[in-house]
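Trainee: With the sequences and hints as input, model every part of the structure.
Those protein sequence lines, which keep their order, are chains A and B.
Residues 1 to 353 in the numbering used here are what the first sequence lists, from first letter to last.
Residues 1 to 353 in the numbering used here are what the second sequence lists, from first letter to last.
Calculated from the structure, these hints are not laboratory results.
Please note: incorrect hints may appear among the correct ones.
[What the hints assert, rightly or not] List of simulated lysine-lysine pairs, DSS-like, C-alpha gap at most 25 Å:
#1 B:K169 x B:K137
#2 B:K240 x A:K210
#3 B:K209 x A:K240
[As the list claims (entries may be wrong)] In silico negatives: residues of chain B with every beta carbon more than 10 Å from chain A:
#4 V111
#5 G301
#6 A331
#7 L350
[Claimed, not checked] To be clear about the criterion: a stretch of chain B counts as covered by chain A if any three or more of its residues have a C-beta under 8 Å from a C-beta of chain A, and this derived list gives those stretches:
#8 49-58
#9 90-100
Idealized CB from N, CA, C, for every residue including glycine.
Number of protein chains: 2
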Amino acid sequence: MAPKGLKHICTMACGSCSNENAFKAIYIWYRTKERGGSVDFTQEDIDSCMVNQAPGCPSYSLLSFHGAFHGRTMGCLATTHSKPIHKMDIPSLDWPIARFPLYKYPLEEHVRENQEEDRRCLEQVEELIHKYNSLGKPVAGIVVEPIQSEGGDNHASPHFFQQLQQIGKRTGAALLIDEVQTGGGPTGKIWCHEHFDLPEAPDIVTFSKKMLTGGYFCKEEFRPPQGYRIYNTWMGDPSKVLMLKEVVNVINRDRLLDNVNETGDVLYKGLATLEQRFPQHIDSLRGRNRGTYIAFDGNTGAKRDAIIGKLKQQGVHTGGCGDKTLRLRPALIFQPHHAHIFLDKLETVLTGL
Amino acid sequence: MAPKGLKHICTMACGSCSNENAFKAIYIWYRTKERGGSVDFTQEDIDSCMVNQAPGCPSYSLLSFHGAFHGRTMGCLATTHSKPIHKMDIPSLDWPIARFPLYKYPLEEHVRENQEEDRRCLEQVEELIHKYNSLGKPVAGIVVEPIQSEGGDNHASPHFFQQLQQIGKRTGAALLIDEVQTGGGPTGKIWCHEHFDLPEAPDIVTFSKKMLTGGYFCKEEFRPPQGYRIYNTWMGDPSKVLMLKEVVNVINRDRLLDNVNETGDVLYKGLATLEQRFPQHIDSLRGRNRGTYIAFDGNTGAKRDAIIGKLKQQGVHTGGCGDKTLRLRPALIFQPHHAHIFLDKLETVLTGL
Chain A
1 MAPKGLKHIC TMACGSCSNE NAFKAIYIWY RTKERGGSVD FTQEDIDSCM
51 VNQAPGCPSY SLLSFHGAFH GRTMGCLATT HSKPIHKMDI PSLDWPIARF
101 PLYKYPLEEH VRENQEEDRR CLEQVEELIH KYNSLGKPVA GIVVEPIQSE
151 GGDNHASPHF FQQLQQIGKR TGAALLIDEV QTGGGPTGKI WCHEHFDLPE
201 APDIVTFSKK MLTGGYFCKE EFRPPQGYRI YNTWMGDPSK VLMLKEVVNV
251 INRDRLLDNV NETGDVLYKG LATLEQRFPQ HIDSLRGRNR GTYIAFDGNT
301 GAKRDAIIGK LKQQGVHTGG CGDKTLRLRP ALIFQPHHAH IFLDKLETVL
351 TGL
Chain B
1 MAPKGLKHIC TMACGSCSNE NAFKAIYIWY RTKERGGSVD FTQEDIDSCM
51 VNQAPGCPSY SLLSFHGAFH GRTMGCLATT HSKPIHKMDI PSLDWPIARF
101 PLYKYPLEEH VRENQEEDRR CLEQVEELIH KYNSLGKPVA GIVVEPIQSE
151 GGDNHASPHF FQQLQQIGKR TGAALLIDEV QTGGGPTGKI WCHEHFDLPE
201 APDIVTFSKK MLTGGYFCKE EFRPPQGYRI YNTWMGDPSK VLMLKEVVNV
251 INRDRLLDNV NETGDVLYKG LATLEQRFPQ HIDSLRGRNR GTYIAFDGNT
301 GAKRDAIIGK LKQQGVHTGG CGDKTLRLRP ALIFQPHHAH IFLDKLETVL
351 TGL
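Mentor: In structure tokens, the structure reads:
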């Protein structure tokens, strides 16, 4: 299951802990670089860290994106910007937040505008990193979802992610790709970032949800040089790893990624037809290549909610994300004939609106 | 299992997440008080929280204690001050940190000094709360272990905890008792804070470890007024709750708390004899009433480490905490005859030093 180029793993009990500990791995890596690779701490480091002060506890920041969701514990919440109800009344940190591309659909009709959107967002990322570096809040890492899920199934191009990786390399910031929601197969590959053709692996990839247990894969230099710096009573849950092993066996035995791609084709084509027939109700159909990780918008949030409600009356459970998006998250065993049943029910709902 | 007076529960997957989410419950409670009980957010709240700024993300703080351990995620780490290796290189927050009592042992020979120690520490708690309130970092809660475990098995008196609760009431700060390590029976009661005779329940009690799953018990007013403010994909793990149910059945069926108290008596008396015989090696024997949650110090850290190492050669696994403390953490099924075997091996080790 390990993403190509990432040979090290650390397991954790949930998605938030996975990101929290991956963030720590980034800070430790960044600080070790600043120490010129030395693993020795000064007495000032030791004394100051015990009372939450620099230099022991440096004022590092992480760059995240508007619309992002990376979890609900304090560090994760500082990088989460999808809905006010998640963040309200919880203390946070002044960390840089960049715009994530918001594309116009269909993509083939808006190539130039969307390229321009990539350019604007990437420019802001680099500006913010320089700004926070000079503010004394060095940006140790860039934290990004391969598809902003909770925030509205917002996609960005492979070019965007390739350039993001380059910006990280130029500015000395690590690239963390949060695959908590996207990992495990629903995009038609085990890891969504495999679709991006990155010239090398991202530095850290976090996972949970479909993977049954949480954790992260990372490059060797993101393993802390001392023990007990990243640690937890249970370090994940071995019983969940055993269950995951069997899930992986079934994914391979039943060729479930092929099934996801075949079902995704049926779903996407059927939805494209419905989008053309009902432009007064739905638009902005989008997905990642041939997977079932597909979404479309209602023309308004109320319209989206009405579609979800009426589908439920038809016995179909779907979910909302962002302001007006309906997201599909079928299991890996969802097959073409299930897709046809869903499309039939959705057609009934759209016709009746 | 619910502590007296705490009828509400929220389950989480690990100890850090338990504390992180209990902290959130405190912030939300504190802010709701500031809003005069209103559950409406202003547009300014909504807009500012999405970019990590006040008033939506207020600059609340939590008061914690030197020597404390409350976990390893960002919010928890800001209240953890037990060892530099846990905190080094991880960004933190300027939150108030008070002294936790460090008693002289045996307690009966140092009554007046230890009362004075309580008074000094409590005075600092109240001073720090007033200071941070006036600095614009209002102290929303006091976070404390009933026994500082990782920090060295540091005990404080029932009087100290009773007064801490009163300070919280006077200053409007919630009292969170972190029973992640102490909860589940090893002190001879299910919850260590039951030993403190508090006039009313603490506001929140967190748990994990021996409880098999994580979470917190709380008063009704610490339930957020809206849904999805404290939430997690799995909200703990139902399979662990089923296992815990059976653990509780066995604790009751086999009267394991009685066993802990009987075994604790044997252990403590035997250790008191060894402490008198070997004052050149060990001192400061301490425990909570009759439980097995007992510790003593080596005269130096090196002496403590030598004792742990030689016990291991005898087939006995013990642990270190703090600078020079050896802590005992037997399972609830550790019986008087096991205690005698342990005492015999320890006598051999101390004799051979």
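Trainee: Each hint should be assessed against the structure and marked as holding or not.
Mentor: Here's how the hints hold up against the structure:
1. B:K169 x B:K137: Measuring from Cα to Cα gives roughly 18 Å; hence the hint holds.
2. B:K240 x A:K210: Between K240 of chain B and K210 of chain A the Cα gap is close to 19 Å, so the pair holds against 25 Å.
3. B:K209 x A:K240: Holds, because 17 Å separates the two Cα atoms, which is no more than 25 Å.
4. V111: 30 Å, holds
5. G301: 15 Å, holds
6. A331: Holds, since 15 Å exceeds 10 Å.
7. L350: 28 Å, holds
8. 49-58: That given contact holds, which follows from 8 residues of the stretch 49-58 of chain B lying within Cβ reach (below 8 Å) of chain A.
9. 90-100: Contact hint for the stretch 90-100 of chain B vs chain A: holds, 7 residues under 8 Å.
Of the numbered hints stated above, none is contradicted by the structure.
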